[in-house]
Amino acid sequence: MPNSTPHQYVLLRNGRVLDPSSNLDVTGDVLVANGVIEHAGAPLGDVRRDGDLVEIDCAGQVVSPGFVDVHCHLREPGREDVETIATGARAAAAGGFTAVCAMPNTDPVTDNQAAVGFIIRQAMRAAAARVYPIGAISVGQKGEALAEFGEMIGAGAVAVSDDGKPVASAQLMRTALEYARTFEIPVADHCEEPTLAKGGAMNEGVVSARLGLKGIPSEAEEIMVIRDILLARRTGGHVHLCHMSTRTSVELIRWGKDRNIRVTAEVCPHHLSLTEESVEGYNTNAKMNPPLRTAEDVEYLKQAVKDGTIDLVATDHAPHHYDEKEREFSDAPNGIIGLETALAVMVTNLVEPGIISYATLVDRMSCSPARIFHLPGGTLRRGSVADITVFDPAARWSVDPATFLSKGRNTPYAGMSLTGRATCTIVGGRIVYRLTS
Amino acid sequence: MNSPHLGKDLLGLEELTAAKIQLLLDTAEPFKEISLRAIKKVPTLRGATIVNLFFEPSTRTRISFEFAEKRLSADTVNVASAGSSVSKGETLVDTARNLEAMKIDMVVVRHAASGAARFLAQRIESNVINAGDGTHEHPTQGLLDMLTLRDHFKRLEGLRVCICGDVLHSRVARSNIWGLQKMGAEVAICGPRSLLPNHVESLGVHVFRRIEEAIEWADALNILRLQLERMQGGYIPSLREYNRVFGVTREKLERAPRDILIMHPGPMNRGVEIDSDVADGPHSVILDQVTNGVAVRMAVLYLLAGGNPALAEAAKG
Ligand SMILES: [Zn+2]
Ligand SMILES: [Zn+2]
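Here the protein sequences come in this chain order: A and B.
As numbered in our numbering, residues 17 to 453 make up the first sequence, in order.
As numbered in our numbering, residues 337 to 653 make up the second sequence, in order.
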């Protein structure tokens, strides 16, 4: 449970202090004073402070800047039965996230300053992980008129996106990228060419051919990826590409980055760990958009996380009610929850097999997302906000959705044994989560 | 209940072994004769309750199952989607719960979603027979097609069968492909590429681009129905052009190096995928398929109800 009274001082002892933003990787201590990092690095020896000091032994643990998820769905307002900002923020903290960005496809859509303000107030009340609203690109996410970016950002929004829906109109996307330059915020796009993807329920490939399900070709994503990159080149705006899933998307992003076009991209843990084969047996917990692709795509995405072509990892946490997933595959909703499994899926599938280091993991889950979305945190530098994640890199645990703090249970990882688990999450110097074993 | 010979359900031919397919075909043989009697009824399934749950209209398949059930003396209830709770937004899982509560012995299900029959089978104890799920499988159609081929050629092994037309939206195609391949036949498909699933070659079939090539190769053509709405969907330019390029006509068949058996799951669009003189011609076994459909379904019902294949002859009474 979140600790309601903040300690004046928090001392994290003997952990592996790992902060790629300041090239730090030593066994030592981190001292937080009044919500701000006072020291991160070498062991401090005897620490005496006037006032309330809590000391936590972090031996064998990694102490890193807090994870930042730039893409999740918290379902409030509209579907509080499925998730609320409070339950989502607590689930985030339990997963090691100190901050999450909430996508605007709520009901009503978060497309104005009042709606943005509501999310911020609910998040303050929850007092767990920070929640940053993302405003809609278009009014009602209808893809027609631009929403009031300026007012939403004034109220606390950090980016704009019509996620959940693609921006079908190239002209609207162009205008959004141009207009967003005023505020220097990313325009996050759900890349999906709607006529190609229409009616599709899974990746178009050998498995869809066998199961008799309508497929979504990878080109549905790739066409929009290159469109967005070209529009970013034309406008000078910053396009952020959500949940990349294919090999060619990676190649196109690399093409854009090589030309210094302002494109950043994210990948979800499930697209790094599962393939279209997971759909076998019409498993609706493997139904998502974009769909799970092939082993070759997964391999390319992993390499892209390693070499930085993909800048960051985001969960696309998408809770659904049990009943909604308990139906015919083609009619079941897309999406899976991810906040409480992201770290372990990354450690198990990318760090343990030696594809990336823990430093890269921390960069892609903390430093890079904070930097790209211009958020506080993502660093242990002296004087920055004390948003910190402590995790046990060797903890082996079995995924039991019943124990999740999220209201969602829709995960394809249920019953799997994974490695790596957050043990303590600190937001602004306040301990918002501790793993009780 | 679990049948000793077939298991609990018949969901598709992909999961059946060649031995089980063989058993189903062999068991269908004695049941053919019942349909020729004056009183076409035996007491084999007396007391069994069967629900025909058709979420999608299909007069032919439903009537064929109903005949099979009645000839085996089962009590049947038909639930069609129109006017039933199904159309009032009742979910498949609710339907399953209700069926379970009514203590039904068997459910024959037709549904527009691929995987729907399996979905139901996993949630109820009754035996489930897939009468067509979306664009996935239609196993009894596959079996009756194989029975018809076997009647004619006296074997399935080594036969060359080409499935022609809209494979993309067909459930018959997959059941045929898996069933025939397991029995040692060679299967090819032929149709406009816009109506073939991408990666269909991964199912082990050869793809002919032109119907003339298929005709040169095949021992039998299984001609699929072209759903007329595919033209509005933009998959093909016109029915006229479809008939010219992919339609099976007598002229095209006359150039074949051998007599080709003509099959069609029906209902046919005469003058589109098949010309009338082919459908009614000497090599057409389209009506035999209908007759065999009842026998195959009787065999499926009999075996799933626990019937002993060795006693199928005696079960006729
Ligand atoms: Zn999306
Ligand atoms: Zn999303």
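These are calculated hints, taken from the structure and not from any lab test.
Since this is a predicted model, take the numbers as computed values, not measurements.
Don't be surprised by glycine CBs; every beta carbon is placed ideally from N, CA and C.
Among these hints, one or two may not hold up.
Stated by the list, open to error - In silico lysine-lysine, DSBU-like type, Cα no more than 35 Å apart, as pairs:
| # | chain 1 | residue 1 | chain 2 | residue 2 |
| --- | --- | --- | --- | --- |
| 1 | B | Lys376 | B | Lys344 |
| 2 | B | Lys490 | B | Lys439 |
| 3 | B | Lys588 | B | Lys439 |
| 4 | A | Lys341 | B | Lys439 |
| 5 | A | Lys341 | B | Lys344 |
| 6 | B | Lys406 | B | Lys377 |
| 7 | B | Lys406 | B | Lys588 |
| 8 | B | Lys518 | A | Lys341 |
| 9 | A | Lys273 | A | Lys423 |
| 10 | A | Lys214 | A | Lys230 |
| 11 | A | Lys230 | B | Lys376 |
| 12 | B | Lys376 | B | Lys588 |
| 13 | A | Lys341 | A | Lys322 |
| 14 | B | Lys588 | B | Lys344 |
| 15 | B | Lys588 | A | Lys230 |
| 16 | A | Lys158 | A | Lys181 |
| 17 | B | Lys518 | A | Lys230 |
| 18 | B | Lys344 | B | Lys490 |
| 19 | B | Lys344 | B | Lys377 |
| 20 | A | Lys423 | A | Lys230 |
| 21 | B | Lys652 | A | Lys230 |
| 22 | B | Lys344 | B | Lys356 |
| 23 | A | Lys230 | A | Lys273 |
| 24 | A | Lys341 | B | Lys356 |
Unchecked claim - Reference excerpt, derived from the structure (chain B facing chain A, CB under 7 Å, subset only):
| # | residue |
| --- | --- |
| 25 | Thr427 |
| 26 | Leu428 |
| 27 | Val429 |
| 28 | Ser450 |
| 29 | Ala452 |
| 30 | Gly470 |
| 31 | Thr471 |
| 32 | His472 |
| 33 | Pro533 |
| 34 | Asn534 |
| 35 | Val536 |
| 36 | Ser538 |
| 37 | Gly540 |
| 38 | His542 |
| 39 | Pro603 |
*asked:* Going through the numbered hints above, which ones does this structure break? Give me the numbers in ascending order.
replied: Structure breaks hints 2, 3, 7, 9, 11, 12, 14, 21, 37, 38, 39.
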